[in-house]
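Protein chains: 2
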Amino acid sequence: MSYTNGHLKETAQVDEQSVQPFPNSKKIYIEGSRPDIRVPMREISLSPTTGSFGNEENEPLRVYDTSGPYTDPEASIDVRKGLNPQRNAWIDERNDTDVLSELSSDYGRMREADLSLENLRFDLQRKPRRAKEGKNVTQMHYARQGIITPEMEYVAIRENMKLAEMREQLQLNEQHPGHSFGAAIPQEITPEFVRSEIARGRAVLPANINHPEIEPMIIGRNFLTKINGNIGNSALGSSIEEEVAKMTWGIRWGADTIMDLSTGKNIHETREWIIRNSPTPVGTVPIYQALEKVNGVAEDLTWEVFRDTLIEQAEQGVDYFTIHAGVRLAYVPLTAKRMTGIVSRGGSIMAKWCLAHHKESFLYTHFEEICEIMKAYDVTFSLGDGLRPGSVYDANDEAQFAELETLGELTKIAWEHDVQCFIEGPGHVPMHMIKENMDKQLRECGEAPFYTLGPLVTDIAPGYDHITSGIGAAMIGWYGCAMLCYVTPKEHLGLPNKDDVKTGIITYKIAAHAADLAKGHPAAQVRDNAMSKARFEFRWEDQFNIGLDPDTARAYHDETLPKESAKVAHFCSMCGPKFCSMKISQEVRDLDEAQVAAINAKAEEGMQEKSKEFLDTGSKIYHEV
Amino acid sequence: MSYTNGHLKETAQVDEQSVQPFPNSKKIYIEGSRPDIRVPMREISLSPTTGSFGNEENEPLRVYDTSGPYTDPEASIDVRKGLNPQRNAWIDERNDTDVLSELSSDYGRMREADLSLENLRFDLQRKPRRAKEGKNVTQMHYARQGIITPEMEYVAIRENMKLAEMREQLQLNEQHPGHSFGAAIPQEITPEFVRSEIARGRAVLPANINHPEIEPMIIGRNFLTKINGNIGNSALGSSIEEEVAKMTWGIRWGADTIMDLSTGKNIHETREWIIRNSPTPVGTVPIYQALEKVNGVAEDLTWEVFRDTLIEQAEQGVDYFTIHAGVRLAYVPLTAKRMTGIVSRGGSIMAKWCLAHHKESFLYTHFEEICEIMKAYDVTFSLGDGLRPGSVYDANDEAQFAELETLGELTKIAWEHDVQCFIEGPGHVPMHMIKENMDKQLRECGEAPFYTLGPLVTDIAPGYDHITSGIGAAMIGWYGCAMLCYVTPKEHLGLPNKDDVKTGIITYKIAAHAADLAKGHPAAQVRDNAMSKARFEFRWEDQFNIGLDPDTARAYHDETLPKESAKVAHFCSMCGPKFCSMKISQEVRDLDEAQVAAINAKAEEGMQEKSKEFLDTGSKIYHEV
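Here the protein sequences line up with chains A and B, keeping their order.
Sequential numbering of the first sequence, starting at 6, is according to our numbering.
Sequential numbering of the second sequence, starting at 6, is according to our numbering.
Misleading hints may appear alongside valid ones.
Copies of one chain are not kept apart here, so a pair can be met inside one copy or by any two copies together.
[Unchecked claim] When the alpha-carbon atoms are kept at most 30 Å apart in a straight line, the in silico DSSO-like pairs for lysine-lysine are as follows:
id, residue 1, residue 2
1, 607, 140
2, 440, 31
3, 572, 503
4, 440, 364
5, 445, 31
6, 342, 572
7, 32, 503
8, 568, 270
9, 342, 140
10, 31, 607
11, 588, 270
12, 132, 86
13, 86, 445
Read the hints as simulated data drawn from the structure, not as lab findings.
Assemble the whole structure, with the sequences as input and the hints as a guide.
As structure tokens, this is what we get:
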């Protein structure tokens with residue numbers, strides 16, 4: 006790809022790879038209680054079972070779809086215009102927001118007035134919204150008042166997929182009961198259940214009133230495990246169009262939320278482009294931009310600069326903010342004996358500030374003021390783990406757990422403000438120490454959703470940290486972690502390109518899905534069962550299409566057996582056509598009752614002979630000295 | 006690569022990629038109690054710590070090395086001649102074997118006499134060995150007589166690496182205690198411990214007397230977790246030279262054993278080339294070749310054909326045989342209701358035979374005769390799981406567990422013959438059902454080593470089954486599994502090429518190492534600690550070199566920061582040079598006691614202010630409705 010930033014508002018184009026429909030799939034929309042609740046899903050058509058395997062149609066498989074309108078051939082996509090602001094009507098109806106005549110942040114207004122940015126600015130038509138004086142516009146606030154918002158109904162339908170119907174397709178829906186470590190996953194996700202989980206703080210529905218383009222989703226241990234994909238430019242490079250392409254590419258493969266971690270040029274404008282085109286919630290780490298505003302000198306940061314950044318980003322529509330308010334002055338010296346010190350960028354910025362000023366962190370001391378901002382826009386807290394371990398050696402140490410306890414304290418304050426809140430977690434943790442993290446987080450933070458980076462279960466495989474972390478992610482997802490932040494193969498080494506983003510996302514979809522199977526989410530095993538049935542029946546095209554990455558599966562199959570005829574062949578490359586494992590299984594299925602009875606009689610007979618043989622030969626065989 | 010099979014004994018060449026030494030590494034040999042016990046290890050030189058991080062040398066890191074002489078620049082490698090048969094003297098000394106004047110198997114003699122095979126035959130100089138009449142030459146037999154063989158001493162040194170010395174390098178050797186689920190891993194691996202574990206059947210040392218070229222290794226839950234790489238041709242292709250290259254390539258990246266699963270042409274000759282050039286134990290599934298001998302018609306198999314195949318392969322030097330003796334007639338109908346029937350190729354061959362003849366499996370009824378063969382060559386049993394689940398749906402079902410119980414019964418019979426034995430396991434199992442497999446295996450099989458394929462924790466990601474299975478492999482390794490059979494990205498889709506082999510191996514090295522960390526193997530965390538220290542100190546070259554795959558790590562780093570200067574830069578591509586997380590940690594380390602005391606006083610003061618603030622504002626903040 007080669008991009009220019011010149012005259013973006015005229016030239017910007019969507020990434021072509023991100024708008025291809027998935028093979029044999031169509032986008033469908035399930036209507037809720039009102040016509041403007043239209044929940045997208047992807048339906049994969051399957052071929053019929055034929056030949057020796059029987060004769061039956063296979064119902065299309067419905068899968069959760071994060072890719073937004075990009076994969077809907079009916080949708081008109083123009084990244085210069087952004088997505089349809091479908092939530093606007095819902096927000097209007099609530100009648101608790103004002104449309105502002107101008108941006109409230111100094112920085113936002115400054116950028117707006119800067120004519121030199123014309124060429125790379127998104128052509129913004131909208132004006133920002135803010136809660137009316139004294140109003141609280143968070144989904145948690147509504148939930149606690151007993152209100153089921155359209156957003157809540159939307160996620161109930163979305164999580165539920167087609168459970169009731171699927172249950173009727175017996176074999177495909179049969180599944181192992183799971184072991185959920187005390188989660189409370191219901192058999193059917195109702196809008197009321199969604200509301201109650203949000204009210205209780207056990208789930209969040211990140212949905213800034215300034216991001217009306219989102220397709221609502223929910224994060225909580227009693228729902229499908231979610232994954233986040235990080236994008237963002239750095240001082241070393243990447244253009245706006247590239248970042249938008251990484252976003253559309255990431256959600257195509259399954260990112261449930263996107264974090265824009267830009268630290269390079271034109272952060273404000275890059276973010277606007279991403280948000281206006283993102284159907285998933287967007288998170289940021291505002292301290293990164295605040296640091297840019299003070300020329301990278303951490304000790305020059307002030308509450309005022311940070312506050313203005315929060316407002317600036319909230320009015321753009323950022324759905325959740327990572328805020329490292331748990332890095333307290335007293336915890337900084339606890340990191341002195343670590344192998345890898347403080348590895349969180351946000352954490353180290355705050356540690357530097359605390360040390361330079363010999364003062365408690367302004368994020369901590371101003372936490373209630375931050376809450377006031379969050380509730381005016383419904384921005385969700387992602388309480389950052391600034392002291393997470395950067396090595397197996399540092400896992401679960403005093404600094405890490407001291408911060409987690411403070412995050413628990415802050416969670417309760419956020420909840421007192423009806424502000425939605427989830428908690429970030431590590432990092433680098435060997436397998437046997439992962440559960441302690443999950444258990445402590447649930448306990449300290451009152452079951453507020455946990456959101457972890459991996460964890461990486463070993464440090465020794467740079468280039469493969471999507472895998473070292475995917476192992477830990479699957480496990481902590483099973484134990485109750487609600488969202489898994491992806492790690493790409495470039496972790497610790499460089500900036501991810503599009504291939505790395507895809508590899509990271511697919512790895513994390515695997516981890517999240519494995520967690521859903523293990524915790525017993527009632528919608529989880531249907532897809533595995535559909536895949537396995539297709540595999541058994543040699544429906545090759547169905548196997549590719551049901552998989553998380555049809556393109557790669559097909560390409561790998563073609564490397565060995567490129568001919569079209571191989572895709573209907575009743576054998577695979579392992580055994581070849583001569584002897585096939587699957588065929589014998591079909592013969593076993595075809596046995597009738599009398600045949601099975603005869604087999605059992607024969608087996609019993611053989612058993613008796615065998616016992617006799619043992620008795621006869623027993624004395625001859627070698628005995629232990 | 007392009008290979009021809011013409012005049013192989015003159016033209017065959019080693020794979021060039023497999024004989025490159027690892028960067029900054031040298032091959033060292035630790036001498037045991039006699040000069041011909043020379044245990045190879047790889048020593049990675051590290052650069053010194055400099056600048057703001059202090060001034061100290063970093064001791065070279067010693068790592069377990071499976072790559073054989075191929076990575077030793079001093080070794081002369083000629084695949085046409087094979088490796089040095091270093092164990093011959095040890096075997097001779099025991100004076101319990103005969104060197105045979107000719108091969109004992111009909112098939113072996115037939116192939117030897119076939120002049121048309123001249124061109125692709127390995128130029129074999131050696132004659133086969135067999136136990137003298139009435140002798141048992143297994144390592145288990147020696148162990149039970151209290152004999153510590155040179156092989157046992159060799160593995161003790163190999164497992165131990167440099168523990169005692171490493172323990173002195175304090176920080177690098179500090180590690181988390183681990184949670185081993187009742188394993189009995191000692192702080193120091195002694196030859197006597199090795200002997201006692203083999204005697205007890207809790208570990209195996211696969212070492213056919215006809216494979217004197219091996220560098221002995223051990224498989225057991227109280228040792229480092231091992232991994233196996235599968236290679237082998239199929240009816241659809243691959244040449245002898247390619248298979249040898251896959252072997253040298255697989256061990257380069259860390260395969261502890263190699264299974265040759267060839268089912269295509271010239272299986273006998275292919276195997277000879279592999280064994281003569283393999284420093285790791287080689288396993289096979291003899292029923293595959295037996296089936297070829299009866300033209301792929303399972304019902305035509307006979308005990309005699311199978312027996313001849315065992316002897317043929319045992320005299321070539323195969324170190325372990327997968328034998329599906331647990332697929333009993335009565336278990337076959339138990340698979341009828343499965344989603345994916347019988348997916349093990351060996352299992353389905355035997356099921357077909359049982360059904361066709363309405364008879365108990367000849368592997369089961371002739372099990373004691375098989376033991377007699379095994380002990381005449383010291384071939385280790387890998388009792389095959391012919392009824393392993395092929396889908397999450399079928400996991401832990403009656404058929405699978407009935408077979409496992411029979412494998413437990415057969416283990417005890419093998420042990421009565423002093424024949425070494427380990428047990429194969431699944432397959433496809435969701436995370437929450439993995440531990441049940443491990444626990445049942447330990448119970449039924451008296452802690453004989455478990456050897457599993459993955460397990461894959463979900464079915465929905467063809468193209469990524471190295472990852473779906475790497476998750477399960479790491480977990481079961483932690484729970485006590487002794488060896489993990491790798492899965493490549495091509496699983497379910499096609500035949501792995503060299504890249505796939507490497508990806509599979511590295512993924513499984515990660516899983517095995519993560520398991521060693523979690524179970525608390527005393528040598529495990531040193532490498533993580535060395536990596537983390539190098540990471541913290543921005544020693545980029547050391548980070549690449551300590552990792553499992555230096556080439557990929559370096560290449561990824563170069564994609565973002567190609568300049569040589571970036572490899573000594575004290576920043577990474579994440580933050581860039583302006584603000585760096587790692588730097589602040591250094592400042593924290595530099596705090597003196599007085600400074601820390603001042604910080605704590607300040608923090609305490611802040612805490613009191615905060616409490617006061619809460620009291621003042623408490624009444625104003627929003628309270629739950």
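Hint by hint, here is what the structure shows:
no., hint, in the structure
1, 607 with 140, "neither (79 Å within a copy, 37 Å between copies)"
2, 440 with 31, "neither (39 Å within a copy, 39 Å between copies)"
3, 572 with 503, "both (29 Å within a copy, 24 Å between copies)"
4, 440 with 364, "neither (34 Å within a copy, 49 Å between copies)"
5, 445 with 31, "neither (43 Å within a copy, 45 Å between copies)"
6, 342 with 572, "between (58 Å within a copy, 26 Å between copies)"
7, 32 with 503, "within (24 Å within a copy, 38 Å between copies)"
8, 568 with 270, "between (49 Å within a copy, 22 Å between copies)"
9, 342 with 140, "neither (47 Å within a copy, 59 Å between copies)"
10, 31 with 607, "neither (52 Å within a copy, 61 Å between copies)"
11, 588 with 270, "between (60 Å within a copy, 23 Å between copies)"
12, 132 with 86, "within (15 Å within a copy, 79 Å between copies)"
13, 86 with 445, "neither (45 Å within a copy, 60 Å between copies)"
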